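Numbering (the working numbering) for the sequence shown: 1 to 121.
Calculated directly from the structure, the hints in this document are not laboratory data. These numbers were taken from a predicted model, which means no experiment stands behind them. Check the hints yourself; a few may be wrong.
[What the hints assert, rightly or not] Mimicking EDC-like on lysine to aspartate or glutamate, the simulated pairs with C-alpha atoms at most 16 Å apart in a straight line are:
1. K49 with D79
2. K49 with E80
3. K23 with D62
4. K23 with E4
5. K49 with D84
6. K49 with E4
7. K23 with D79
8. K23 with D8
9. K23 with D35
[Stated by the list, open to error] Label-pair distances were calculated between CB atoms; the ranges are:
10. A71 with P41: 32 to 38 Å
11. V101 with E26: 16 to 22 Å
12. L70 with G17: 32 to 38 Å
13. A64 with L10: 33 to 39 Å
Idealized CB from N, CA, C, for every residue including glycine.
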Amino acid sequence: MIGEVQADCLFCRIVAGEIPSTKVRETEHTLAFRDINPQMPTHVLVVPKAHYPNAAALAEADPALAGTVLAEAGRVAGDEKVADSGYRLIFNTGSGAGQTVFHAHVHVLGGGNGELHERLV
């Protein structure tokens, strides 16, 4: 069910502490951790602790939580010192867009002296 922890979801298991991660930030409603396959010097995932299969489902079911996830992504960018130089927030929604873990999450990508734009355009 939407919003409830899913036992077979990788990110639900990371949130529960069953699978280790390198935590960057944690709040009552979100967890931010480093991507295990970083595409940029800064590559952090911000996930809601509640399970939603993708960003669209999250926004539809809980717009306030979607806003919280985005605000946390901005805080991560600040903490990671990429806010001033620029960063990208990416939600992949659906397998055709590259989503491989079906738990809503935003990628915070930055660093690399301008190569971010070149790699992701």
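We went through each hint and held it up to the structure:
no.	hint	in the structure
1	K49 with D79	violated, 20 Å
2	K49 with E80	violated, 21 Å
3	K23 with D62	violated, 24 Å
4	K23 with E4	violated, 22 Å
5	K49 with D84	violated, 28 Å
6	K49 with E4	holds, 9 Å
7	K23 with D79	holds, 12 Å
8	K23 with D8	violated, 21 Å
9	K23 with D35	holds, 10 Å
10	A71 with P41: 32 to 38 Å	violated, 23 Å
11	V101 with E26: 16 to 22 Å	holds, 18 Å
12	L70 with G17: 32 to 38 Å	violated, 24 Å
13	A64 with L10: 33 to 39 Å	violated, 25 Å
Hint check: violations occur at hints 1, 2, 3, 4, 5, 8, 10, 12, 13; the rest are consistent with the structure.
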